[in-house]
Each structure stands twice: as structure tokens, then as C-alpha cells.
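Residues per chain are reported as follows:
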Amino acid sequence: MPEIGTFDMNRRGFLQLIGATGAAALMASCNRVSAGLESLSTPENLARFPEKTELILLTDRPPQLETAIHYFRQDLTSNEAFFVRWHLEGIPTSVDLRTFRLNVTGHVRQPLQLSVDDLRSQFEPISIVAVNQCSGNSRSRFEPRVPGGQWNDGACGNAKWTGVSMKSILDRAQVKAGAVDVSFNGLDVPPLPSIADFVKALSIDHARDGEVMVAYAMNDQPLPMVNGFPLRLVVPGWYGTYWVKALSDITVLPQPFSNFWTDKAYRIPNTPNGTESPKDLDKDTIPINRFNVRSIFVRPDPNEILHPGIPTEIEGVAFDSGYGIRRVEVSSDGGTSWADARLDPDIGKYSWRRWRTSWTPGSRGQYRLMARATNAVGETQSKEQWNRSGFMWNVIQQVDVKVE
Amino acid sequence: MNPRTRTLVLLLGLVALATSCGQSSNISQQANRGINARMGSMPDANNPLHTIVLPHDEPVFPPGAGRDEFVTACVVCHSPRYITMQPRFPRATWLSEVKKMQNTYGAHISDEQAVKIADYLFSINGKASSGKAPKGTYGE
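Line by line, the protein sequences give chains X and B.
Its first residue numbered -6, the first sequence is counted upward by one per residue in the numbering used here.
Its first residue numbered 103, the second sequence is counted upward by one per residue in the numbering used here.
Simulated from the structure, these hints should not be mistaken for laboratory data.
We treat Cβ as the ideally placed atom computed from N, Cα and C, and that holds for glycine.
Don't take each hint at face value.
[Said to hold, decoys possible] When the alpha-carbon atoms are kept at most 25 Å apart in a straight line, the in silico BS3-like pairs for lysine-lysine are as follows:
no., chain 1, residue 1, chain 2, residue 2
1, X, Lys257, B, Lys202
2, X, Lys272, X, Lys160
3, B, Lys201, X, Lys272
4, B, Lys218, B, Lys202
[Stated by the list, open to error] Which stretches of chain B does chain X cover? Using the computed rule of at least three CB atoms under 8 Å from a CB of chain X, they are:
no., region
5, 155 to 166
6, 170 to 180
7, 186 to 192
8, 215 to 222
[What the hints assert, rightly or not] Which residues of chain B face chain X? A partial, calculated answer using Cβ under 8 Å:
no., residue
9, Asn148
10, Pro150
11, Leu151
12, Arg183
13, Thr195
14, Glu199
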């Protein structure tokens, strides 16, 4: 074994070498380990789940899948490309429509057990185009960074939802006087008994507003299983945490609803824009509720290379909680000057609204494009924002492009 | 231990180190491969039974102190990708996350194990603290 002999002869030098550089080599190898871990969260890390196209993989169990921005070039986000976010490991993977029932119980005179076919055949169908957006969409943009699903801007989507209004279901169940809240539970189950089941609630007035609905179709198709087949609660203009998937139980309550997912989770500082200082967290918090006004660049892609003197189409979407987007301004000089973008036709107050403008870069260099949306009641995007949970991002949107 | 044996042991140690490095680079290879799930068919209106098969392809974690505790106590409830998708956090943030799992969600972790797990997470995805570290919250 000549190699060992060689090493043996130089053992002293070898040991010195190890002493001098071993620690450094070990450190370097550890850095590589971490670099390997970090590369897992790059956008190249795509996953294909059942009934879905390739989506950006945040987590696989339970699934959290993000939509790539280029899908937002269409007004309606396809079912295959729509983002996915579950909380509990035990997500439903099999539903038998012969036995599945939507149960309506609690503070009602007439409890109901409705099949999907009952919903389709016995109720007036309604449709609404609405954005669904995760509370933590764009969390990776918060600085300092906060733990949680590290979404870029693709934890949202716009779809046509068809189903039955919650009001018509509650009317059939004959809600008793004194109802306060309505809670919503789905088929997902916690992996440990100590973990609270994922149940959310709305006030009885909100639930009966005629817009909150139980959807059995998404873009005129059954929902993909990971998007909530067979039924999903749709709460237009409100963050996705309320859009309970695989909805199976509706309970009318004569007292305020209380559980972990409302009392401890999904809370925001009770401040304008839900913002607070990392150095002084607000003690006064409230449940997250309606969307902040925000915009997203769809074109150009980040780091797309543009050319001087050549007009470039800039495009994006903007949405709010239902007042309606009235204005989107774009800046190419870091926010010093702003120009109005053109708005595409309004396709529904809960839909996003597409905006476009043309920009001709003057000279070579790195540019930061900014977009600022304003809604019908004057709500607009903020210059800065931070909260401990990384919720409700609505800072003036930015995209960096290179002109060569 | 005679000198030759000591050299052998040293060499074996180096081989082990190299192997562990190889394992770490496999992590990104595995990640880049992505998940090749079987595509379930869209829900069929004529078939009342709708079933999907979820893909299961989780990253392999590098060896290190606390890895066993992490695998035992954490991965039973969620994918290790809950760690890999995070940016580097100070140790206090990782400990806060582990404590949240222990105290709020009832993960079967002793205080001693919690510290070991936090140290392990910090060793693979940590950064030096700069000022006040953000603590974990709920529902994020």
C-alpha cells in the first residue's frame, strides 16, 4: 500500500497540514453544506403535484407551491398553475362524492347535510371572479427576514369561482336569532392531537353578505384536490387563510368563535397597513382580514435585459379588497417621477386589474422600475412596511432590469 | 495506537469527511431533480371517487449533532423543506421556532432535545445574530 507508506513517511508534515488547514477545510465543507440547503429554495426548484403543472416548490409535506409570475400574463390563473398552501400534514387525497356531505349545524333550526350534487341542483349558482392571495404572499421581501413560507409574489391567483352563496345555504338552514359567528372546517387533519384543527370563522353578517360562497368550480372545472376539491369557501377581497379548502363543516355559533388559528395565528398589528417595528412589537393585534392594495410586475421578468431606445411593454396586475383599482403609476427613476399606466377593462371588483405602459430606456445601465396602485377610496401602496409574521405585503412594487 | 494505525484512522476520518461533503452536494442534486409525481387525472364528473397520490421526495439532511433528534421529532409532522426554504436565521430565531413547535403545537420534544435541534438547524442554516432576532409567530 504505497499511498499509506507515503503518508506515513510524511506523517508529521501531514498532521501539521491538517492542523493548519483542517479547520478551514472543515469550515469550507460546512459552508458548502449550507449552500446546498439554500439552493433548495431557488425558483429552479420545481415540483409537479397531481392535477398541477410545474410549480415553485416551497414545501412538499404539506404542500406549499408557488405560481411563476409568467402565468399572470393571463387574466385568469389556470387551475393547474394556481398556488397551493396547506397548514396540516393530513391533507385529503381521496374524496368519494357518494358519501361526502357538507354539514351545516349549530345555531340553526334546520341542520343540513348537502351533497355536491345537492349544491349543484338545488341552489341558484353564482359566479365571481376573485383574487385569492395568501396572507404571507411576498414574505421573502420583508427585511429583516421573518420565518415562515418564503413566498415571492406568486402566492396569489385570479380565478372565476362558481358555486352557491353562503347566504342561500344559511337561509335554508334557518339561522336562529342571536347568531354571532359562522365557523368553517375542512377535511384536513392535524398530524398530532395537540395541534389545533384548522378552522376559521367569519361574522354572521359577513357570511350572509351574498358574496361569500361555497365554490364547487374554479374556472368552470372541478377544483384540483390540492386546491380544495370538492368545495372551497370563497371570501372575496379577504386573505386566503379564510378560504377554507375541502370545506365539510359549517357551524353557526351564538357566541364569538375562538380557536388557535384565530386567537394566536393570523393576527396583524392593529396599526395602519399592519406595520410595526422589529424593535417594538405591537401588543394590540387583530385577525388579518381584507386585502391591502398592491401591484405585481408581470413584464419585464426580473433581470430581463432591455435595450436603449427600444420601446418596451411594461405590464402588471393590481388588486385590492373590492373597492376597485383606479390608478397605477410607474416610475423608472427610483420614484422621483411617476407616469400613469393604462388600465385594462375592469373584469370584476374582486378581480385583479391589468395595467400596461410603454417604456423606452434612454441609456445603458441598471434600472429599478416601480409600480404604485391606488384604489377607489384612495388606499395606496406603502413606502415601507414590516410586521413579525410577514403578512399583507403592499410596499410599492419593484423590479430590477438591465439595459444593454 | 501505533503511527501507522493512527494514520489509517486519520485517513478514514478524511474519507468520512469527504463522503459527508459528497452527501451534502447530493442535496442540491436531489432538489434540482424536483418532484416527479404521477399526474392524477382531473376530477371526472362521472367518477364519484376522486383520489390523488401525493409525491414524497424530501431532502436528505447533512450529518451533525442533533440530526437524529431533528429527524425523529420534526419530520414526523412536516417535510424538512420547512427548514430548507428559510433564509439563514440567528440561533435565537431557530430556538424560537423549535420552542413554538414544542409548546404551541405539542411536538414531542424535551427541553434538552429542543436545544440540540436548534443547534443543528443553526449549524446547517444559521447566521450570526445582528441585533434583535425576529421570533417566530403563528400561521406564517
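Tested hints:
no. : hint                : in the structure
1   : X:Lys257 / B:Lys202 : holds, 12 Å
2   : X:Lys272 / X:Lys160 : violated, 44 Å
3   : B:Lys201 / X:Lys272 : holds, 21 Å
4   : B:Lys218 / B:Lys202 : holds, 15 Å
5   : 155 to 166          : holds (count 8)
6   : 170 to 180          : holds (count 3)
7   : 186 to 192          : holds (count 6)
8   : 215 to 222          : violated (count 0)
9   : Asn148              : violated, 11 Å
10  : Pro150              : holds, 4 Å
11  : Leu151              : holds, 5 Å
12  : Arg183              : holds, 4 Å
13  : Thr195              : holds, 6 Å
14  : Glu199              : holds, 6 Å
The structure shown violates the earlier hints numbered 2, 8 and 9.
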